[in-house]
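Protein chains in written order, with my numbering: chain G, 111 to 205; chain V, 111 to 205; chain S, 111 to 205; chain P, 111 to 205; chain B, 111 to 205.
None of these hints come from the bench; they were simulated from the model. There's no promise every hint is true.
Identical chains blur together in the list; that is why a pair holds if it fits in one copy or across any two.
Stated by the list, open to error - Here are the computed lysine-lysine pairs in the DSS-like style, where the Cα-Cα straight-line distance is at most 27 Å:
(1) LYS115 - LYS204
(2) LYS115 - LYS205
(3) LYS202 - LYS115
(4) LYS138 - LYS202
(5) LYS204 - LYS181
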Amino acid sequence: MNLGKVAGMVVSTRKEASMEGLRLMLVKYIDEDGQETGGQVVAADSVGAGPEEVVLVASGSSARQTTSTDKRPCDAVIMAIVDSWDIDGNVKYKK
Amino acid sequence: MNLGKVAGMVVSTRKEASMEGLRLMLVKYIDEDGQETGGQVVAADSVGAGPEEVVLVASGSSARQTTSTDKRPCDAVIMAIVDSWDIDGNVKYKK
Amino acid sequence: MNLGKVAGMVVSTRKEASMEGLRLMLVKYIDEDGQETGGQVVAADSVGAGPEEVVLVASGSSARQTTSTDKRPCDAVIMAIVDSWDIDGNVKYKK
Amino acid sequence: MNLGKVAGMVVSTRKEASMEGLRLMLVKYIDEDGQETGGQVVAADSVGAGPEEVVLVASGSSARQTTSTDKRPCDAVIMAIVDSWDIDGNVKYKK
Amino acid sequence: MNLGKVAGMVVSTRKEASMEGLRLMLVKYIDEDGQETGGQVVAADSVGAGPEEVVLVASGSSARQTTSTDKRPCDAVIMAIVDSWDIDGNVKYKK
Chain G
111 MNLGKVAGMV VSTRKEASME GLRLMLVKYI DEDGQETGGQ VVAADSVGAG
161 PEEVVLVASG SSARQTTSTD KRPCDAVIMA IVDSWDIDGN VKYKK
Chain V
111 MNLGKVAGMV VSTRKEASME GLRLMLVKYI DEDGQETGGQ VVAADSVGAG
161 PEEVVLVASG SSARQTTSTD KRPCDAVIMA IVDSWDIDGN VKYKK
Chain S
111 MNLGKVAGMV VSTRKEASME GLRLMLVKYI DEDGQETGGQ VVAADSVGAG
161 PEEVVLVASG SSARQTTSTD KRPCDAVIMA IVDSWDIDGN VKYKK
Chain P
111 MNLGKVAGMV VSTRKEASME GLRLMLVKYI DEDGQETGGQ VVAADSVGAG
161 PEEVVLVASG SSARQTTSTD KRPCDAVIMA IVDSWDIDGN VKYKK
Chain B
111 MNLGKVAGMV VSTRKEASME GLRLMLVKYI DEDGQETGGQ VVAADSVGAG
161 PEEVVLVASG SSARQTTSTD KRPCDAVIMA IVDSWDIDGN VKYKK
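Looking at chain G on its own, in the form it has when it is part of the complex (with noise of 0.2 Å):
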């Protein structure tokens, strides 16, 4: 998985007809200090991730691993909104 803020929110009405019902979010990635990587994706959002939350985005097969994306042509999913971490024992991250 990797770190990601959420950023906003994509919106499309035309689109395959199994991705209707989705939250779209535009997501940013962070590194281990928290700071944006220039990298971003969509990913669909499993969990109610609001903006700015900091999260965990699955890529790949694996995001299809959870009810609302099974068998859709999605390869990306927010799947954990995250409290903390730390690095080397120190806290690097609290929400």
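Based on these hints, arrange chains V, S, P and B on the given structure of chain G.
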């Protein structure tokens, strides 16, 4: 999924038989500001995307989760046409 | 899929038994202008591609969705020979 | 698989139900000289890896081939703790 | 598949039980000129590759399409030892 802009179409007559009938679009990837990232992909079109349209591309095995790409040697599919997206509450793109 | 140009052939006698009989081509990736990107891949050939030919390569599990690569440890396949492509209505490449 | 060093742990209470009980470790990728590459990943731990430990991370669908990650939206798993490796016959790392 | 050169071996005693008995090789990726690209991977060996040997590595789910790696948390496998390759008709590498 990744944001992209349809740049053109790729024509191929000699190909895997299962790819017959699929429209193959050349898509340039764009970032959250709508700027081209320098990357590109050739994706099957499952939603009727036209030139210059901003789309979402799903990659890997997820690209085969549509009726038109199922069980085909296809690793990228346009599965949505983007209406708009926002960043930090500001509309960044609107069709 | 990614655009590439067939640069040569790779010969291997000691390999996974299931790979027997597959032609393995060295493909240099090219971008939408036909310029080499610096990347390359060794892909199984399922369409009879010859030297210098411009092709499409499918990667990952999608590379196994052909009769010749099914259930084999093969992560890249040439599944189409490109006739032409256009960008913004202008032909960029024609065979 | 990729070499990495366990840097810390990620805590998340709001997540996909199937991820319950998995320890999520922040792993910094290292190269064959043991130097950090600048990349990082959050991986489920299936072997009881501790802080600072050098590990192997499997990614993609392969990350779901363990009892603890099967059918979960998990795209990276620590599946081995590294004892040592050599390059050209010289031990480069020893636990 | 990607070209690589076997650089060494990785030893791990504490690992996923299903990985028992697999030889894990440290492989440095090389390009079409035989030059190291700077990337490396730890791959299971299914063909008996030795030190310094030039090999092909299959990645992702394709790495599990061998008897020795089936259903294991293994995302890279050496599935061929390279005898030779040519570029534009000139032999670039010969064992």
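Practice prompt. Tell me, in ascending order, the numbers of any earlier hints that this structure violates.
Written response: Number 5 - this is the single hint that the structure violates.
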